[in-house]
Structure formats: C-alpha cells, structure tokens
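Enquirer: Going line by line, the protein sequences match chains X and W.
Under the numbering used here, think of the first position of the first sequence as 53, with each following residue one higher.
Under the numbering used here, think of the first position of the second sequence as 1209, with each following residue one higher.
I should point out that these hints are in silico values taken from the structure, not numbers from a laboratory.
All figures in this text were calculated on a predicted structure; none of them were measured in a lab.
One should not assume that every hint holds.
[What the hints assert, rightly or not] Which stretches of chain X does chain W cover? Using the computed rule of at least three CB atoms under 8 Å from a CB of chain W, they are: (1) 137-146; (2) 170-182.
[Stated by the list, open to error] Using C-beta positions, here's what the derived DEER-type ranges look like: (3) D141/X with S1367/W: 25 to 31 Å; (4) L1307/W with G391/X: 56 to 62 Å; (5) A308/X with S1367/W: 32 to 38 Å; (6) G346/X with R1298/W: 57 to 63 Å; (7) T1223/W with R126/X: 54 to 60 Å; (8) S281/X with G1301/W: 27 to 33 Å; (9) A1284/W with L177/X: 32 to 38 Å; (10) T128/X with L1451/W: 54 to 60 Å; (11) G208/X with W1296/W: 30 to 36 Å; (12) D313/X with S1367/W: 47 to 53 Å.
[Claimed, not checked] Far from chain W, by Cβ distances over 12 Å, these chain X residues were calculated: (13) D93; (14) E97; (15) A396.
C-beta: ideal position from N, C-alpha, C; glycine also.
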Amino acid sequence: MIDAASGTDAPRGTEGGDESVPAVSLRGISCAFGSTLAVDDLHLELAAGEFFSLIGASGCGKSTTLRMIAGLQRPTAGRIVIAGRDVTDVSPERREVNTVFQHYALFPHLNVFENVAFGLRERRLPKREVARRVEDMLALVGLEDRGGAKIRELSGGQQQRVALGRSLILEPAVLLLDEPLGALDLKLRRQMQLVLKQVQSRVGITFLYVTHDQEEAFAMSDRVGVMGSGVLAQVGTPQEIYHRPASPFVADFVGASNRLDGEVVGRGGGGYELSLAADGRRIVAPGCPGLALGARVGVVIRPEALTLGEGEQVLDGTLADASFLGSQTVYTIEVPGCGAVTVAETRSNHALPSPGEPVRIAFAGDDAWVVPA
Amino acid sequence: MTFRLKRPSGLAIVTAIVLVFLFAPIVVVLLNAFNGNRTLDSWGGFTGRWFSEAFRDSSVRSALWVSVRVALASTALSLIIAIPAALWARRAGPRARALLDATTYMRIVLPEIVAAAGLFLLFRRAQLQLGMAAIIAGHVVFTSAYATIVIQARMATLSGSLEEAAADLGAVPWRAFYRVTLPLLRPAIIVAGLLVFTFSMDDVITSAFLSGDTVTLPVLIFGLMRFHVTPEVNAIAAGVTVLTLVTFSLSAALLGWRSGTSLVVGARTEEAE
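Next up, chain W with everything else stripped away, as it sits in the complex (with noise of 0.2 Å):
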C-alpha cells in the first residue's frame, strides 16, 4: 500500500477561490470591526470601542430600530399576502395561475430602482406621505413574491387528498386549514419570513427612494460611507451580521433541529409519501 499526500484537485482550487472572493470581503468588515487604528490602514491592535461608539451612537441606535419595524412589518405583511396567494393558485385555472405567477416573477425581474423609483414618484403624485410606511409597501412589493414562490413551491409538494381527507373526517375548511394545510406549510412559511426579514433588513435602494426623512440602517450606512469607511460602520455591519446569525439559529433551534434541518433539505422528503 503506498501512501502520498493527495495533490488537489482543480475543482478544489476553484472552489476555495470562490469561497475566499464571497467571504473575504466580510471577514474584512469583522476584522476591523475590532481595528484600533481609526484609519484602518493597517491592524492597530484589538478594540471593542467602535462597537461601543456606534451604539452610543443615537442616529444609528434609531436607525437600527427603524429597521427592525420595517423588517418585521414587511415580514408580516408578505406572509399575509403570499399564503392565500399560494393557496388560491392551486385551485386555479390554467389561466388565472398564469397571471398570477406572471405577476409575481415581474415583481421579481423587475430592476429594484425601476420599481422604488416609480413608487417614489407615485407617492409625489398622489401627495402621500414618504417614510416608515412608504419604506414597508416598498419592500413588500418585492418581498411578497418571494415569500409567494417558496410558499407555492412547499405547495406543490402537498397532495390535495390531505385536504380531502380531514373534510372526509369532519373538518370545515378553515379547521382542515389550521389542523392539516397550515402545519405542513410551516416549513416554507419559516424559511420565507426569514429571507423576507433579511431582505427589507438590508435593502437600500427602496428605502433610499422612499425614506423621506426616515432612515433605516442600510440607508444610514451608505450615507456615512460615503466620505470614508470608519471602524464604526464596520462595527455596525458585524453587529446586523451576528444578530441574523443568531435569528436563524434561534428560529432552527425552535423549530427543532431535526424540522430544523428538515427546514431546509427534509421539507420535500416529510412529503415523499
């Protein structure tokens, strides 16, 4: 038997490139998030005095709290519209479920500046109101189609004869929903909430459109980024980062972790039956 040390292959090489091109960039932001050099030209030693300036920070502690509101209303609001969305579209016909999906993969396709400015100037026109309000229709736009599409996508899987069999056992439809349909639908319910959440959390471009003097996180990021990069923005990156690390674990954790993994790759074998 001979031993030799196992040269890697290409796809390794690739592979690790890859990996280092799309987590460089945030190691970066972590690292310097603890940089004691203001200018960060080079390491200047372990401080956590950035994260304690940019919590002191009043802009951007109500920024942040700002954020979190649209996340969370933008979230609910998706949810709302993507749940009976997905449940009507499976009792369609041919022709309404192709307007349907039409109308959700536009919402999607459509260049986000195109969509956040048009609303913008809509907004003017009919004299309403820029702000908090404005920034959560904004994303839910967006927002509620993917929150349609992963929903429809758990849907499919779903054999209509569940349904059928707890109406066959006494349940009026909206107990069959609860009991049976909602249940099922968890899984995907879960996991598009949480990518709603992550996406109205960081997104920029509609709530630079639509903020009026309301600014949410990412908007006050890019506003201070715009001079220079300051340990302080860094710090702020790495604070949103952990807290959406610690949303996903917290909800895995919740759910389980065998539903948790099952969150991701079980929802389709649960159904296999």
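Bound conformation, chain X alone (with noise of 0.2 Å):
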C-alpha cells in the first residue's frame, strides 16, 4: 500500500485556506462492518484547495471513506483532521465539512431557497446576511431565479445545483462529494463537470470527490486515489495514474491496458530490460521503482501506444477483429504466448487488414510501464 502522503506533485493551492495545514488528514483510518474491513488502514492527505478524486469500482470503501470523513461513519481505528483539528469523536454537525449527497438528500418541503439556507439558519446568522449570502450562493451555481422554485419543480441538474449550493454556502473546510452526477445522463455530466470545476476554482474549497468513472475524475482532478477492496492502490496526478500505475490493478482499472507477462534481466538505459515470457524477447522499458532482479512482472501498454506495422519494438500474431469506430479503429490481435492484444489507432495509413491475417504490432520502449505481477 502507498503512503498517499508521500504523493507526488504538490497540488495546486489557492486563496481556500491556509497551505501549509492540510485540509484533510487521513491517518490510518479503518472501518469494519463485522467481520469485512471496508477500509483497511487508509493514509491520505488532501490540500487546501486541491480537487482529489477517489475512484474505485462499487463496494470498495470509497463511499465509507466520505462517510467517515462527514461524520456519518466511526472509523474503527486512525484518526481524521480536519483542517488541523482532529474531529475523530466531533459528530458531523460540528465538523467542518459538508457533502454532497448522492442522490441529493435534498429537503422536499423546502423550496430551493430554504433548501440553500439551511445551514446558515443553523448557525443563526442575522436574515438580511442568509438572504444575501443565499442569493449569492443561487448565482454562483446557476440558478438565480429559482429561489422560490419546489424541489420536484427541479430537473436532475438544477437539483444537484441546489445540492451544491447548499453544501458550498457553509464554506466548508473540504466538500465531500459522493457520486453526485450518477444520477445524470451523460450530456448533463460533462456540462455538470464543468460546473463543478468552475466553481471549485472560484471558491477555491478543497473537494474531495467520489466516482466510479475515471475519466470523470481525471477530467476534474488535480490528483486521484484509486481504491480496490478498502485500500489505496496508488495516488497521483491523472498522468501518473494512466501512464505509470503502480500496480496491476491500477492498470486494468484506469482505462484500457494490454498487459505482457516477462521478467526483469537486467537495468539500466532509463528502465528495465526485460525478457518477454511469450517469445523470449528483450525489451527496455520504464517501470515501477524497486524491482529486483529475476522478478516476475507485467508490462502494461496502452492501446493507443500500439500501432500496427514496423517499430523499435514489435509483436507479432493474427488478427482476430477490426471495428472501425470513427475516431479510431481498434483491432483485437492474437498474439501468441500473450493471449489478446487491443490495438486502438486514430490514423491509419495502411489498408485495413481481414480477420485471420498475420499482423505485427509496434510499439516504443517508452511507452511501455512495468509493474509488479
């Protein structure tokens, strides 16, 4: 597991808060629920200001990671800070953190004004301020004449406006967001993405963002998590993510990959020379610090690395499906010893080849990643 601390590039910081304290602080929390460990020993640190991502398929502890981190959840061990303040026993209405609900939780029998003012209400601030700070809150997410608006009057992108809004008024320490554009058909989430990042580099509120869909978070995040089975695989910038994951299952979750089986022989050039288990072949490639020598290891290639034709490294076997989808044509080739190879190309300039012909694949060194098998 990787100390998500030690991540990578220093995020972006803005006007939100004070750098230098961390927004959130994650130290080694837990969750059980009897005997399954939804979250196993998580370390992460969010800075003020930076839009993090948690991604992972459903059921691996990403959304009991938000619900430990707003309160709703105790984490069975480790300790949660808040903006320099350890909230590990503080109930959620007195941390300083707000979410955004996956299916908005929004209040019914309040029209879309009440709904934004609630938390202001709350902390008894004078009407005149509520009624200017609320109006302001409508403008920023877009809905500046739908204060007197029924929640049902609302369609699923204004609803989750309001639910934005709501959360965003109290100027929280960090915005928890749980899957908030599930519910959203697809054109209503790439608008709504952009809404979302709009407005967080306005605000400059640290968001902590959960989803299911990567390119959803890495088209909205300065840096992402990536959860399998209650731990943290890796964190990093989306490019570090997709082109240098730390693990095999990092690979395969983030977009496409075709993985290699071979072994490490030896190191230097940039990377690892390695002798492929299909044909015996050696390539050079990057790779995951730290493998030894002998080591078993897989390397990953992305589709769109792969082309078909001549190249410093090449692959050969038989194609077994061309589907020419507009922007690209991905073939699927039967590489022997390697099983399927996904080749997406965007431009070709050679004729499509039929089902059944000998192909040979090409790809760059560089362009390769090793990962532990």
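Quick one: dock chain against chain with the hints and give me the complex.
Expert: The structure is reproduced here in structure tokens:
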C-alpha cells in the first residue's frame, strides 16, 4: 500500500485556506462492518484548495471513507484531522465538512432558497445576511431565478446545483461529493463536470470527489486516488496514474490496457531490461521503482500506444477482429503466448486488414510500463 | 355512429347496493333528526325541535363535553407515544423492531371487550378510580397503536439521508428532527390525530366499562336507546356527524387544499425522489 501523504506533484494551492495545513488528513483509518474490512488502514492528505478524486469500483470503500470524514460513520481505527483539528470523535454537525449526497438528499418540504439557507439558519445568522449570501450562492450555481421553486419542480441537473450550493454556502474546509453526477445522463454529466470544476476554482474550497468513472475523475482532478477492496492502491496526478500505474490493478482499472508477462533481466538505459515470456524477446522499458533482478513482472501498454506495422519493438500475431469506431479503429490481435492484445489507432495509413491475416504490432519501449506481476 | 343507453354493468349494480347499504342508515338518522313525528313511524313533517331539545338537555351537553375532552386527551397522548415509537422503530434492531410491531398489532387485534374488561378488573384490583382518566387510558391503549402504524408507514417512506443531510449542514439532532423529520411527518401526524380523535369520540365498549359515573356521549346514546330510539338520539347523532365532517374539512383547509389532498393521496409521491 502506498502512503498517499508522499504523493508526488504538489497540488495547486488557492486562496481557499492556509496552505501549510492540510485540509484533510486521514491517519490510518479503518472501518469494519462485522468481519469485513470496508476500509483498511487508509492514509491520505489533501492540500487546501485541491480537487481530489477517489475512484474505485462499487463496494471498494470509497463511499465509506467519505462517510467517515463527514462523521456519518465511525472509523474502527485511525484518526481524522480536518484543517488541523482532530475530529475523529466529533459529531457531523460540528465538523467543518459538508457533503453533496449521491441522491442529493434535498429537503422536499423546503423550496430552493430555504434548502440553500438551511445551514446558515442553523448558524443563526441575521436574516438579511442569509438572504444576501443565498442569492449570491444561487447566482454562482446558476439558479438565480429559481429561489422560490419547489424541489420537485427542478430537473436533475438543477437539483444537483441546489445540493452543491446548499453545501458550499457554509464554506467548509472540505466539500465531499459522493457520486454527485451518478443520476444524470451523459450529456448533463459532461456539462456538470465543467460547472463543478469552475465553481471549485472560483471558491477555492478543497473538493473530495468520489466516483467510479475514471474519465470524470481525470477530467476534473488535480490528484486521483485509486481504491480497491478498502485499500488505497495509488495516489497521483491523472497522468501518473494513467501512464505510470503502481500495480496491475491500477493499470486495469484506469482505462483499457494490455499486459504482457515478462521477467527482469537487467537494469539501466532508462528502465528495466526485460525478457518477454511469450517469445523471450528482450525489450527495455521504464517501470515502477524497486523491482529486483529476476522478478516476474507485467508490461503494461495502452492500446493507443500500439500501432500496426514496423517499429522499435514488435510483436507478431493474427488479427482476430477489427472495428472502425469513427475517431479510431480498434484491433484485437491474438499474439501467441500473450493472449489478446488490443490496438487502438487514431490514424492509419494502411488498408484495413481482414481477420485471420498475420499482423505485426509495433510500440516504443518508452510507452510501455513495468509493474510487479 | 350509434347511440345507445349504456346498461349498468354488474359491477355498477353491486357498487350501488354496497353504497346504499353503507349510507342508508346514516341518511335515515339524518332524516329522522328532522322528523316531526315523535314515534318515528312515519314522516311527520320537518322540524328542528329535536335539536333544541337535545341541546337543552344538560346530560347531553355534559356527555358531549366529556367526550370531546376524552378525545382530545387521547389524541395528544397517542401522538406522544406514537411519534417516538415510530422514530425509535427505524433505528431499532430487527428483534426489538419485531417486539414493537408485535405489541402494536396486539393492541389492535385483541378484541376490545377483552382489553376493556381486563382494564376494568385491573383498575378495581388496584383500587384506582374509574372515570375520565380511566377512559382516556383505555382509549390510548388501542388508539396509540393505530397512530403508531400510520406514522410508521410514513416514516418508512422517508430516506434517512435527509436527517444525515441536516446533521451535515450543522443541525444538532433535535434541530434536525424539528426542521426536517417533523415537517415531513406532519401529514401522517394529522391523519393519525384525526383517526384517534374519531375512534375515541365514538367508542362505546371501553368507555362503558371504565366510565364509573362519568358518561361519554356514545355511552349516553347507548343508554337512551335501550328503551326506544327517540328523535333526540337522531338529532345528537346528526350533530356528531356534522361535527366530524367540519373537523375534517377544517384540517384539510388549514393544510391548504394541495397538501389537504396530499394528506391522503400525495403523502407518498412527495417523497418519490
């Protein structure tokens, strides 16, 4: 398991708060339901003003992590520190955290204005100030004229904005978003991603975003954490996660990938020297640090890094299937000893081969990435 | 195009018979309340005399006042029991929940006469005084069960995430209850209240067993009818019917017509999200 606190690129800081104090610091938190560990010894630090996404399949523990930060679920071990204050034993209403719930959880008996004003009224702010701040917030989320509307009169996207405004107005140290776009259709999702990103950079509040959709996470986040079976498998920028996965699990989860088996036979020249299990071919490729000589490894190559034809490194196989998808053509090629390899070409200068034909796949060693097997 | 008179279907005929069967007695009572013929053998012309006679009768007036007070107290106590019971049921474990459900349904299923006789014996054994307090206690035994079921049903449609959202937005538990749970339960609480009020208002068995010297209106009517049905009884019954209808319409109007309908129909759709 990787300690996220040592995560690489320093995240972009904004006016959102004191940058030296992490907005959230999770120190080895675990959560067990009966005998199952939903979250297992998770360490993570979020810088102030950062847009961080937790991605993982459903049931991987990402929502439980969020609920523990919000105070709706007690961790069975570990400490939670928000903006420098240990809140592990603090009830949700006293935490500097607000949540955009998966199904919004808007109050159906209140109108849009009253929903957004809910938290401010709990703080007993003067009426006039509440009104002013709610109007400002409605403008920020693009619902200026809908203050008097009933919740059930709103579209899904508008409800989403109300939920966002209702939480943001309290200016939390961190805003938790639990699959907030899950209920929206694809087009609206893309649109709301932009809204979220814009709002976040405008207010400078730390966002912790949970989703199972890696594209969504990549499009919005400064950093991404990949979770599986309650464990944080890797933390890094979207580029790092995509091009330099720390494990076969991450490589598989994040986008399509091909994996070739091999063995480390040497080091140097900007990476590892490998012998491919399929045909004993030697290639040189970069990879995760610390792999020992003789270690069994996987070589991850993204479909778009492969082309048909001649190149620095080649694999020979038989074409099983070719599908033209418009922006790209996807080939499935049977390579003896490697199984099916997927090639995605965006521009091809050759005729479409037909299934059964022998083809040669080419790639550059730099585009491959070595992970522990 | 051909036009023909639609012959009533079998279903329509059955429906009509059932409706007549249900409502004819009420109509007869209402008509006889205005029947000028004291023996009620035949229609003796329209009169409002029985109403004034019934109202001038001090025993009727005091019985009505007793009934209203008993019904109001039963309603208040039933809600005080039912709301926390429903709140607790949601958080309770499956076993505790089963226990609560069992005691709730038991109070409804148990024949009223058994509960009434049991309470009567208990009160006598404990040397407790029969009377209004005893009647209220007897009513609450079963009316609170009905109230619990109505409120629990509504509670089941509310998502727990609304309370979590309230807590998340800074509301301490009782504020979350006051600002979110209670308003959402309001239609069910009003329905439960009306139900309990009506049940208590027209209860005879429990009231008769536990009344002592205190006489509620239904017990009084029952006593009057032992000999023969007098026009005053019809007038009292008509009055109570009108009172009930007025109460219900008033609460519907107070809720606003929209939520008045949602009182019965919309309670579920409102929570659809």
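Enquirer: Each of the hints needs a verdict: does it hold here or not?
Expert: Cross-check of the supplied hints:
Chain W is given as covering the segment 137-146 of chain X, and this holds because 4 residues of the stretch bring a CB closer than 8 Å to a CB of that chain, at least three being needed. With 4 residues having a beta carbon nearer than 8 Å to a beta carbon of chain W, the segment 170-182 of chain X meets the requirement of three or more and the stated coverage holds. Judged by the Cβ atoms, the range 25 to 31 Å given for D141/X and S1367/W holds: they are separated by roughly 27 Å. At about 58 Å, the beta-carbon gap between L1307/W and G391/X stays in the expected band of 56 to 62 Å.
A beta carbon spacing of about 37 Å between A308/X and S1367/W agrees with the range 32 to 38 Å that was offered as a hint. Checked against the hint of 57 to 63 Å, the C-beta distance between G346/X and R1298/W comes to roughly 59 Å, which is consistent with it. Taken as a hint, the range 54 to 60 Å holds for the pair T1223/W and R126/X, whose Cβ atoms sit roughly 57 Å apart. For S281/X paired with G1301/W, a C-beta distance near 28 Å keeps the hint of 27 to 33 Å intact.
One distance hint, 32 to 38 Å for the beta-carbon pair A1284/W and L177/X, holds here, with the actual separation near 35 Å. At about 59 Å, the CB distance of T128/X to L1451/W agrees with the hint of 54 to 60 Å. Here the CB-CB span from G208/X to W1296/W is close to 34 Å, well matched to the stated 30 to 36 Å. Between D313/X and S1367/W, the C-beta spacing of about 48 Å keeps the proposed range 47 to 53 Å intact.
Against chain W, the non-interface label of D93/X holds: every CB pair exceeds 12 Å, the least being about 26 Å. Taking the minimum C-beta to C-beta distance to chain W, about 22 Å, the non-interface status of E97/X holds against the 12 Å cut. Listed as a non-interface residue, A396/X keeps its Cβ farther than 12 Å from every Cβ of chain W; the least gap is roughly 40 Å.
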